[in-house]
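A.B. asks: Residue numbers (my numbering), protein chains in the order written: chain B, 49 to 420; chain X, 49 to 420; chain W, 49 to 420; chain L, 49 to 420.
Wrong hints could be hidden among the right ones.
What the hints assert, rightly or not - Listed below are the simulated DSS-like cross-link pairs for lysine-lysine, each with C-alpha atoms no more than 25 Å apart in a straight line:
1. W:Lys-79 <-> W:Lys-63
2. X:Lys-420 <-> L:Lys-407
3. W:Lys-420 <-> B:Lys-420
4. L:Lys-79 <-> L:Lys-63
5. X:Lys-130 <-> X:Lys-69
6. L:Lys-407 <-> L:Lys-420
To be clear, the hints were calculated from the coordinates, so they are not data collected in a lab.
4 protein chains.
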Amino acid sequence: MPLLAEARRQFETSKPFLGHKIGMSLHLEPKTAVLLETLTAGGAEIVATGNHGSTQDDVVAYLRSCGMTIFGGRADSLDDHKRNLASVLAHEPDVLLDNGADLAFGVSESRATQVIGGTEETTSGALRLRGELMGKVPFPIIVINDSILKSIGENRHAVGQSVVESFMRITNLMIPGRRFVVVGYGWCGRGVAQYLRALGGKVAVVETDELVAFEAALDGYRVDTIEGLAGWGEVFITATGHPGIMGSETFPLLNDGAVLANCGHFPWEIDVEALRSMASKIETIDNAIERVEFADGRHIILIAEGRMMNLAGREPKGNSLESMDIGFLLQALSLEQIALNAAALLDGAQPVPDEINRKIARRMLETMGASK
Amino acid sequence: MPLLAEARRQFETSKPFLGHKIGMSLHLEPKTAVLLETLTAGGAEIVATGNHGSTQDDVVAYLRSCGMTIFGGRADSLDDHKRNLASVLAHEPDVLLDNGADLAFGVSESRATQVIGGTEETTSGALRLRGELMGKVPFPIIVINDSILKSIGENRHAVGQSVVESFMRITNLMIPGRRFVVVGYGWCGRGVAQYLRALGGKVAVVETDELVAFEAALDGYRVDTIEGLAGWGEVFITATGHPGIMGSETFPLLNDGAVLANCGHFPWEIDVEALRSMASKIETIDNAIERVEFADGRHIILIAEGRMMNLAGREPKGNSLESMDIGFLLQALSLEQIALNAAALLDGAQPVPDEINRKIARRMLETMGASK
Amino acid sequence: MPLLAEARRQFETSKPFLGHKIGMSLHLEPKTAVLLETLTAGGAEIVATGNHGSTQDDVVAYLRSCGMTIFGGRADSLDDHKRNLASVLAHEPDVLLDNGADLAFGVSESRATQVIGGTEETTSGALRLRGELMGKVPFPIIVINDSILKSIGENRHAVGQSVVESFMRITNLMIPGRRFVVVGYGWCGRGVAQYLRALGGKVAVVETDELVAFEAALDGYRVDTIEGLAGWGEVFITATGHPGIMGSETFPLLNDGAVLANCGHFPWEIDVEALRSMASKIETIDNAIERVEFADGRHIILIAEGRMMNLAGREPKGNSLESMDIGFLLQALSLEQIALNAAALLDGAQPVPDEINRKIARRMLETMGASK
Amino acid sequence: MPLLAEARRQFETSKPFLGHKIGMSLHLEPKTAVLLETLTAGGAEIVATGNHGSTQDDVVAYLRSCGMTIFGGRADSLDDHKRNLASVLAHEPDVLLDNGADLAFGVSESRATQVIGGTEETTSGALRLRGELMGKVPFPIIVINDSILKSIGENRHAVGQSVVESFMRITNLMIPGRRFVVVGYGWCGRGVAQYLRALGGKVAVVETDELVAFEAALDGYRVDTIEGLAGWGEVFITATGHPGIMGSETFPLLNDGAVLANCGHFPWEIDVEALRSMASKIETIDNAIERVEFADGRHIILIAEGRMMNLAGREPKGNSLESMDIGFLLQALSLEQIALNAAALLDGAQPVPDEINRKIARRMLETMGASK
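Turn these sequences into a full structure, and let the hints steer you where they fit.
C.D. replies: As structure tokens, then:
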């Protein structure tokens with residue numbers, strides 16, 4: 049991750065976080081450790097907890113050995129997790145790196161006054177800040193996931209490619225001539241549709257917003273409802289963000305052997321509970337493949353229990369190194385902006401400052417050798 | 049144009065324009081006559097003048113024979129044209145179909161009070177309404193060109209394809225393996241780049257906005273400055289909207305035989321005057337091809353004097369019937385909205401109402417047979 | 049045509065045709081005049097006649113003014129044409145540039161002995177040489193159209209692109225989202241299918257050879273019979289070489305408004321006679337568009353009376369300059385081979401010598417700047 | 049593998065191999081076990097040995113439990129392997145399923161007379177049969193790998209996709225905007241180039257045959273030598289079949305961080321020995337990634353030690369299930385043809401009978417639902 053490494057070298061000299069304590073709630077896995085070390089190199093004191101369920105204990109041990117204060121572990125219950133969040137806040141951080149607005153919510157409850165600002169990684173956290181927490185967070189929160197660099201670099205291209213990669217890796221099925229239905233034509237959906245078609249797949253799109261559907265139609269896709277495509281498609285990939293997009297009304301319409309997968313953030317787009325309840329027999333074929341048989345003799349292949357398929361399987365890679373480099377640099381530079389300049393920003397959720405987006409775009413163009 | 053024909057049938061019954069006089073400034077050519085007849089079928093009284101220079105006298109004669117009041121003709125001077133605009137307004141229309149905000153400007157000067165609202169076709173008219181005329185137009189003006197349907201349907205796809213078509217038709221050169229530089233990666237530029245590459249061209253992009261340039265780089269294009277690409281490109285197509293993008297500093301850098309063309313709205317992106325002043329010899333090869341020779345022995349091919357290449361040549365077609373159908377229907381339904389409902393709208397320039405965009409998108413999806 | 053110009057410069061020095069008289073049957077139009085001048089520059093004496101129906105009188109006049117012996121004119125009857133062929137042979141040429149094997153047939157009849165060899169432009173001429181004339185032509189004939197350079201450069205890419213260009217130019221319909229059926233997946237058909245899909249069209253393929261059909265399916269196309277696709281397609285383009293591929297059984301199955309066009313060499317793939325005989329009304333819309341109405345209310349649009357669509361319309365361009373440059377250079381170098389080296393070749397129809405193909409490929413790679 | 053399953057059901061009834069003993073040399077892994085069971089279902093007696101180095105002992109145990117005679121195991125030395133081949137022949141099989149012509153060679157040495165014919169899986173075996181063994185094999189051998197179904201279905205599409213999949217899986221690098229050099233534009237190379245470009249990569253091609261290079265250029269690729277592209281490319285993928293295509297002259301020219309990978313059958317296209325001998329430091333990053341550092345500070349990433357990248361990494365899948373289904377069915381039906389009809393065939397190496405190719409193509413079109 050050359051861009052983050054470069055930021056680290058600059059932070060080692062400029063020390064933007066000197067005297068700041070950053071409270072964090074984030075995935076504690078090897079890759080994110082690099083971000084924390086970058087912030088530490090800039091003079092930050094770190095107090096952090098993981099997201100519930102994804103914490104890796106060896107990473108926790110390593111970070112502690114680097115002098116960071118870390119709460120929690122892999123085996124934590126949901127109650128443990130809540131206590132960890134409280135423990136982070138009890139250390140009175142003045143800058144937050146938040147995830148799902150959990151820390152911002154804690155601060156709004158405790159009415160702690162030392163916080164000068166922070167960042168929020170997710171869109172769902174941003175929704176919370178602009179919903180129930182509107183007006184209750186008296187400091188700026190920069191929302192990372194709103195950056196156009198994430199939309200283009202990660203949601204469209206990186207997810208599009210990792211979905212294609214994971215489909216081939218998990219199923220070992222060929223793409224040319226296979227009939228795919230991409231449900232949802234947002235940033236992720238159009239990346240997935242584009243790359244599947246580029247590899248020779250026949251791709252249809254389901255999209256309920258007629259303006260977006262019109263765009264899909266001009267992009268050359270067949271556009272129809274799930275019902276209209278249920279008897280045509282061989283593989284269905286959901287990317288809508290909405291729960292239960294494929295549910296008990298859809299399953300009876302599908303072809304024998306249909307493959308169901310999801311690449312949206314939440315594991316709720318395919319109603320897995322309904323699917324299993326309709327099954328006459330369920331068989332786990334591989335760690336990411338479930339064969340669900342119905343009484344009428346048809347069967348359905350469910351990928352990764354409806355969780356993000358590009359993080360599933362035996363050797364998942366997730367998004368490309370480059371898209372993670374962009375995401376972490378957005379965090380590092382946004383936190384630097386908060387540390388140096390919070391008073392000049394408006395309170396509440398706000399987009400990544402334009403100059404940060406532009407700086408990263410320029411560096412990416414250079415690093416990629418775009419002019420070659 | 050099936051959508052417009054359908055609107056006409058509805059207008060014949062609903063007569064939304066009954067009692068309204070629509071004052072117009074627009075291209076008077078055979079295709080636009082269909083729009084005027086559609087409005088007349090809805091009960092409108094029409095008083096119109098053409099744009100300067102594009103009026104076709106036989107169309108004028110035909111429209112007069114249909115009972116419309118039309119001013120002007122092909123031979124009009126610029127002064128004549130101004131008088132024609134004044135004549136239209138002198139008829140006291142209460143609804144305007146404007147182009148470049150000429151009629152809105154006239155109304156703001158005369159302080160006429162009978163106007164209840166109107167439409168504006170162009171982006172440049174919208175800029176004027178939001179600039180010098182801000183606050184001076186006490187009625188709603190719906191800006192047609194801002195509609196997402198135009199951006200997608202016309203600027204991206206229709207222009208992209210007509211540029212490809214006109215390049216082949218005018219030059220008779222092959223596209224596969226040829227090196228194209230697309231200057232500007234807006235709606236038009238990305239359509240042109242996409243279709244040239246799809247046909248086997250090698251395509252590089254020039255784009256000064258780094259966020260957009262990053263998108264172009266992830267779309268797989270080489271991204272560089274004009275200077276960086278001058279010695280590489282064989283064909284340069286401008287689509288920036290800015291004057292003099294290719295000028296006297298660029299011409300000396302180009303390869304012998306380089307082809308220069310423009311698909312932006314205004315004929316000013318290539319500095320034709322500077323080009324000709326640098327020439328040792330100029331030869332007109334065909335009605336859309338000019339061979340400009342320099343003293344150093346190199347020559348350059350200029351297409352259509354830097355005017356829109358997709359409207360040039362012996363048999364120009366312009367954009368597809370479908371994109372015109374969409375554009376005219378946006379006009380017809382927006383004018384209907386003004387006629388029926390102007391009082392409920394805010395004053396000044398505003399986007400096409402969402403429900404009109406959505407209605408047209410739905411009808412296009414059906415007409416196209418998108419689900420097939 | 050830079051390659052042919054280069055050959056001409058070399059011929060001016062090497063004079064390979066000195067002392068040879070080349071008898072020709074070919075299209076006499078401005079472009080082919082360049083080929084004749086190239087041969088003359090190499091020392092050839094030319095005696096030629098046009099193909100029946102395509103001779104341009106001003107070209108004939110120009111060639112005569114250059115000292116060539118030319119028979120025939122635009123108004124010639126078929127009998128005149130036969131007399132012209134006889135007149136060419138009466139001049140006792142020793143080298144032939146043939147088209148459809150007309151001159152070879154004449155020589156086989158007359159048992160003339162001065163001919164040392166020649167070239168044949170067309171595949172149909174090659175079929176004749178390998179059929180009825182097998183064993184009757186006691187000299188080598190190099191078949192130009194068999195060259196892989198023609199298959200790739202002309203049949204696949206140049207025809208593919210000119211079909212796309214002519215479709216847009218003639219119909220003014222948009223390609224994205226439109227449903228095309230390409231009938232025949234040979235060199236031409238796969239070029240047409242590839243480029244239509246690249247421009248956003250939905251493309252299905254009809255192909256009766258199952259091995260080729262399998263290739264089309266893996267290339268991602270829907271593959272079915274004409275009957276299976278008749279109710280789906282909006283545009284049908286034939287490229288099979290076979291007569292009556294779309295005939296009286298197909299027309300009743302087509303959708304209202306279906307467009308029929310052909311890009312195969314012969315104007316017989318769509319059974320135009322049958323189509324017209326089934327019509328209740330026929331209307332000529334434009335010089336390349338015919339609207340055929342049936343008693344059941346449906347209508348069909350026929351392009352260019354079933355002739356090659358890429359040569360139809362008001363401003364046809366045909367294939368790209370580059371593909372013509374390749375074709376003429378194949379002629380020039382093959383004739384040079386005959387003039388210098390006929391005795392070393394086998395008698396009868398044979399492919400273009402490998403070293404000529406390779407030489408032209410190398411020069412094209414350089415001229416194109418393939419390494420840039 | 050639905051096609052093979054179908055063949056098995058037919059064989060259970062028709063029993064084409066009754067009374068035949070098939071001697072085999074092939075990979076003994078789980079997938080191939082399915083082929084052996086299919087043949088057994090058709091009445092065959094099986095006597096087999098694995099290829100050297102790839103035998104899986106649990107598969108051997110399983111096959112023996114099914115009543116087949118299997119020689120060898122994972123730990124075999126090369127001498128053991130030769131003895132195994134001899135043991136197979138000692139059982140006097142009358143039909144051969146050969147790999148690299150090892151069994152055919154043994155028969156030609158021993159002058160055994162009971163063999164009526166067989167199949168050969170590989171191209172290198174076919175070369176041997178048409179070279180040193182020409183005239184020495186007095187029975188028909190059907191060469192599976194020559195089938196057009198393998199060229200299209202496996203070499204172009206399946207390899208192209210599995211290379212793309214393995215690149216993403218092994219390196220976790222993004223494809224869009226990355227600069228790839230594909231060395232060799234045969235069936236595999238053009239599949240790899242096509243799919244990398246389709247996913248947004250910038251792709252250049254190295255091809256020494258000028259006719260093929262011309263095709264690559266018209267397909268829109270930059271075409272140059274390895275030396276010309278060494279300073280441009282970020283990733284090099286070899287697919288030529290030739291040893292040492294990338295060697296000691298090339299390595300000094302490469303950019304810092306260049307990635308080297310191979311997808312050709314043999315692990316010799318990248319001269320790994322030379323590469324390592326030039327290194328100042330070698331580091332194994334992952335089971336398929338080696339970081340080779342030079343004294344000048346540059347480093348190179350070597351994938352899978354130059355072996356087929358699509359079979360490398362922690363969770364390799366190899367080619368798609370569909371392409372294996374085709375390959376096994378070609379074996380099964382070709383062996384059936386030998387068993388039923390050997391006397392009617394010519395002696396020596398020969399292509400898969402046309403009717404077998406066509407039958408499989410038809411079944412694939414149906415199974416794929418090509419008409420949907």
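A.B. asks: For each hint, tell me whether it holds in the structure or not.
C.D. replies: Hint check:
{"no.": "1", "hint": "W:Lys-79 <-> W:Lys-63", "result": "holds, 22 Å"}
{"no.": "2", "hint": "X:Lys-420 <-> L:Lys-407", "result": "violated, 30 Å"}
{"no.": "3", "hint": "W:Lys-420 <-> B:Lys-420", "result": "holds, 11 Å"}
{"no.": "4", "hint": "L:Lys-79 <-> L:Lys-63", "result": "holds, 22 Å"}
{"no.": "5", "hint": "X:Lys-130 <-> X:Lys-69", "result": "holds, 20 Å"}
{"no.": "6", "hint": "L:Lys-407 <-> L:Lys-420", "result": "holds, 20 Å"}
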